[in-house]
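**Q** From first to last, the protein sequence lines are chains A, B and C.
To convert, note that position 59 of the first sequence is 59 in this note's numbering; the numbers rise steadily by one, no gaps.
Take any residue in the second sequence, note its place counting from 1, add 1000, and you have its number in this note's numbering.
Take any residue in the third sequence, note its place counting from 1, add 2000, and you have its number in this note's numbering.
A couple of the hints might just be wrong.
Below, computed lysine-lysine pairings styled on DSSO-like, alpha-carbon distance capped at 27 Å [said to hold, decoys possible]:
id, chain 1, residue 1, chain 2, residue 2
1, A, 52, B, 1206
2, A, 52, B, 1199
3, C, 2038, A, 123
4, B, 1129, A, 61
Keep in mind that the hints were calculated from the coordinates and are not lab data.
Note that the structure is a prediction, hence the values are computed from the model and not measured.
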Amino acid sequence: MLNYVIKRVALAIPTLLILIVISFLLMHAAPGGPFTSEKPLPPQVMANIAAKYGLDQPLWKQMVNYIWGILTHFDFGPSFKYKDRTVNDIIAQGFPITLTYGFYSFVVAIVTGMALGIAAAVKQNTWIDYFAVGISIGAQVLPNFVMAPILVLIFTLWLNWLPGGGWNGGQWQYLVMPVIALSTSYMASIARITRSSMLEVLNTNYIRTAKAKGLPWSKVIIRHALKPSLLPVISYLGPAFVGLITGSVVIDMYFSTGGMGYFFVNSATNRDYSVMMGITILVGTLTVLFNLIVDLLYAWIDPKIRY
Amino acid sequence: MSIFAKSLAAGFLAVSMAATPVVAANPAAGEKLAEDQTFTYSTIDEISSLDPQIVEDVSGSNVARDLFEGLLNQDAEGNLVPGVAESWESNAEKNLYTFHLRDNAKWSDGTPVTANDFVYAWRRLADPKTASPYSWFAEIMAIDGVGPVLAGEADPSTLGVKAIDDHTFQVKLSASLPYFAAMTTHPSTFPTPQAVIEKFGTDWTKPENIVSNGAYVLTEHIPNERMVRERNPMYWDNEHTVIDKTVLLVINDENAAHTRYLAGELDLGPVPTGQYKRLKAEYPDETHSVPSLCTYYYNYNMRDSGPEALKDVRVRQALSYAIDRSIITENILQAGQIPAFTFTPGATAGFTVPKVAFGEMTQAERDAKAVELLAAAGYGKDNPLKVEVLYNTSEGHKKIAIAITQMWKQKLGVEATLANMEWKTFLQNKSEGNFDVARAGWCGDYNEASTFLDLLTTDSGYNDSKYSNPEVDRLMAEAKTMDDPSANYTKVEEIIAEDMPVIPVYHYASVLMLKPNVKGWPFQNVEGKWYSRELYKTAE
Amino acid sequence: MLVDKNKLEATAERMAGMDTVKGRSLWADARTRFMRNKAAVISLFVLMLVILFAFTGQFFAAWSNEEIDWAILGQVRELGYPSFETGHYFGADELGRDLYARVVQGSRISLMVGVVGTFIAVFVGTLYGAIAGYMGGRVDQIMMRIVDVLMAIPYMFVLILMLVVFGRSIFMLFVGIGLLSWLDMSRIVRGQTLSIKNKEFVEAAQATGVPTFRIIVRHIIPNLLGIVAIYASLIVPGMIMAESFISFLGLGVQEPDTSWGALISEGAKTMSYGTLWQLAFPLAFFVVTLFSLYFIGDGLRDALDPKDR
Chain A
1 MLNYVIKRVA LAIPTLLILI VISFLLMHAA PGGPFTSEKP LPPQVMANIA AKYGLDQPLW
61 KQMVNYIWGI LTHFDFGPSF KYKDRTVNDI IAQGFPITLT YGFYSFVVAI VTGMALGIAA
121 AVKQNTWIDY FAVGISIGAQ VLPNFVMAPI LVLIFTLWLN WLPGGGWNGG QWQYLVMPVI
181 ALSTSYMASI ARITRSSMLE VLNTNYIRTA KAKGLPWSKV IIRHALKPSL LPVISYLGPA
241 FVGLITGSVV IDMYFSTGGM GYFFVNSATN RDYSVMMGIT ILVGTLTVLF NLIVDLLYAW
301 IDPKIRY
Chain B
1001 MSIFAKSLAA GFLAVSMAAT PVVAANPAAG EKLAEDQTFT YSTIDEISSL DPQIVEDVSG
1061 SNVARDLFEG LLNQDAEGNL VPGVAESWES NAEKNLYTFH LRDNAKWSDG TPVTANDFVY
1121 AWRRLADPKT ASPYSWFAEI MAIDGVGPVL AGEADPSTLG VKAIDDHTFQ VKLSASLPYF
1181 AAMTTHPSTF PTPQAVIEKF GTDWTKPENI VSNGAYVLTE HIPNERMVRE RNPMYWDNEH
1241 TVIDKTVLLV INDENAAHTR YLAGELDLGP VPTGQYKRLK AEYPDETHSV PSLCTYYYNY
1301 NMRDSGPEAL KDVRVRQALS YAIDRSIITE NILQAGQIPA FTFTPGATAG FTVPKVAFGE
1361 MTQAERDAKA VELLAAAGYG KDNPLKVEVL YNTSEGHKKI AIAITQMWKQ KLGVEATLAN
1421 MEWKTFLQNK SEGNFDVARA GWCGDYNEAS TFLDLLTTDS GYNDSKYSNP EVDRLMAEAK
1481 TMDDPSANYT KVEEIIAEDM PVIPVYHYAS VLMLKPNVKG WPFQNVEGKW YSRELYKTAE
Chain C
2001 MLVDKNKLEA TAERMAGMDT VKGRSLWADA RTRFMRNKAA VISLFVLMLV ILFAFTGQFF
2061 AAWSNEEIDW AILGQVRELG YPSFETGHYF GADELGRDLY ARVVQGSRIS LMVGVVGTFI
2121 AVFVGTLYGA IAGYMGGRVD QIMMRIVDVL MAIPYMFVLI LMLVVFGRSI FMLFVGIGLL
2181 SWLDMSRIVR GQTLSIKNKE FVEAAQATGV PTFRIIVRHI IPNLLGIVAI YASLIVPGMI
2241 MAESFISFLG LGVQEPDTSW GALISEGAKT MSYGTLWQLA FPLAFFVVTL FSLYFIGDGL
2301 RDALDPKDR
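Just chain A, with the same shape it has in the complex (with noise of 0.2 Å):
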């Protein structure tokens, strides 16, 4: 187990490092740069511009200091758009807001999209179970840059109940639309691959034997069938993260939430280097190491793995 995850964290070296180069050398093969504005510098100010953000540098060596910067003291370097902040200062404002919103919106997604697939499985081919597929794929299609509009019209124009947008310390009325928004889609895959595992489960001689010493329904489901039905439920978990880091980009669009999505986007239209390098490896090194939880979660909930 543990040589497993030594193995595992020395893989992430070199995914980090490719990871790092092909950002770099896609970033600086951009048209335009940083400083590149539609009322261009005069050549001496744009000579001291580069001088201070070390853009004069060859390339490589700029690569180098980058990398030797964050080896060193952690440091990502000034953010070039934004020249009061440094990308440790963006990351640390904006991170732990996507992270607040992400973290709820998983739990709304793992609850609420268990106990629809459950549901959906044990009441196989009832309207219970094409109501909830029916829910789950529809909530899968609907993009989420519709879902929110059409929330916002609905909670904050019609209804008054919450305000159209803003974060304010993460407060709960802000954090409801964001987590309805961003959770749905998620919502609908765990949903589906619960019903299916579940049914599969279900099916097994093992649950039939419980079934058949009478033991009763509900007591069946969650001590037998609801553990080895979660396996896919987690492996998905993974891949759930990185969509949910994606996800983000539209609810800080629309409801300036201050995280870290849109930052991204906007880094890259901006050629705010720094900025994006910084997030892509956070995004990078946490996608690593999300995989890694979730293959470690794999193997203690399942004892027939072994790493």
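Here the structure of chain A is known, so what remains is to put chains B and C in place on it, guided by the hints.
**A** Here is chains B and C on its own, set in the frame of chain A:
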């Protein structure tokens, strides 16, 4: 000094020098003020910086004007009014200026604002280590010794600024600038607190560190979410300030911002593209449109490497004539924009829009003429003209580009295609000349016609068409030294209408929705500058 | 992405266990089973209609997808509603262009993104996985490590970067979206190849000296088609949704062309301004198509899965 610098400087001539009483929020007698004096508004993007010497965007400058105060301010009409300086004088040659600072001006930590703060700030602006994107402003101000400082060849302390005593600030210029005082209203010239900057470095603008001398202090800042500035009790004119708290929300989507305005979360909100007419009908007291100092136009690529067809003046005229500008302003934008036949907007101070020939025709006449011109240039059904229109990704630009290419297609049989690029790529291609026709917009740096017309001179760094006409260059150079240059501007506009290096499409209007209980908004200010301390909210 | 990987792997395992001699009857069998699944058959029918609409709809349009109806421009809210009299069956968009023609053309693009993206994913993934699995040993090790590494890269981020860097083009979109999802495919295919490669017919081919690459293409891959078909049908909806997200960010297809994602995101912006049809029609097509694709995918999997035969 570059041509550009000269022209920008010349623009300040237009600013009136009359000293009028200090402006502040000025509720009329009998108006009942609201309990809650919090003003909330939104911007589409996080501001670039809070540092006056660094900030470069419009919404950031608005914040800088609230947090800091320079030597002089402008009132809503653009007149000069005292700021930190109570009075000023210059020598006869207009190259030595002395400002007398008020003794009650204080930083938010209680220390007095002194002449040394300005010395520090101005040196900081020119210092290459600061790498200010606005350091060119110091060059335009012609401060003595600025060139070598900017190039890193001289120490910033050699700059021609000095503190005679705590309340007397003196600037030596390398040229005679009669309008120099007006330039001190620009945020890059605002004082900054040396001790704080040295202590915290770039972190000095964080709410827990920042010290400022304006009517407000920064109390909260979450990038890309919100920024709160609250009344500064140390401000010398604090008693005339009414708004206690100004909240800026960053809302990246104008439709979301609009919804939140309607939900009552904002006092000032945007008008989504194309919705002005409807909103004006539904909310007549809240929806406003005022002309602004910007022109929307299309550049022709007239470089040697550019398309052959566009070197023919008849083709350029035909394409320009065939655009029905009133459809664009009345049916697409619908927000009080003005069809443009000249490059300079009519809202510009001291500028009367000249009557150019094609502007006087009816659209039917223009269309007929366009067909004729294009045929004369040798393009027709068998040999259709092909052009590509380059624009940057945005709802508004897209609509206009589509409408214009459709007009060309349907009226002239031109095979027009669209190329849509994201912002930085677009800028790169435009400046390198990789386009046929490219969308552009220009907002005046100051309120005078040369800020527009200089752009069409041969040496202008912003002349993306690469149009060159010695007559235009001569007229514009001559205008710099004239008492009344308007005849030259008229002449230049006539030449442009004939040569057609650019297609003027419309002059901007700035549209906004403002809650009816917010008073004191400077609608007359074509440059869109406003101060929170001039606003106040009445009870409903 | 949106595929239930575990279930797919289980299916793949079962399929690999089958006797491959019965290859033909597998497909015949599957067809009968598929036809018995009502939801899947109806969905298939609906999908056919959408495809028909996308490729022949333009012949019934009164307007082209780029023509502006100058008569209603500026009064779209009042005059641009869906109507047979004006020829705007689905109404007009903000610029007075015919929404029907635009939905037809947008459907074409979106369906193509789905198909081409899937094709790239399947093609690359199958080949890669089959090679890794068949070669085994060090080659397999390295190839699968590369997959592990690539899997940890946040793809949507890289795709956004690519579209920014290389400019937006349909080609880039296809490639980018295809690149998003061949990795899972390659793993599954590799696993199945491992169990096929020891079968007699492969050994026979090896013994007669058939070149390696030819064995992979001629003998291994045909036996993988079942699982490939299932996988492909399951990722098409994901492709279409990825495209819509890209369009939402403004990095999608170039005007005057459009796609479901672009139409929906435009419609969503003007949703509360009294022109709801601009959202409703493209969204309806999008939702109906994805619903059908999901049911077809499920049906296909059940039909091809040999578990309770």
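**Q** Look at each hint and say if it fits the structure.
**A** Hints, verified against the model:
no., hint, in the structure
1, A:52 x B:1206, "holds, 21 Å"
2, A:52 x B:1199, "holds, 20 Å"
3, C:2038 x A:123, "holds, 19 Å"
4, B:1129 x A:61, "holds, 21 Å"
Hint compliance for this structure: no hint is broken.
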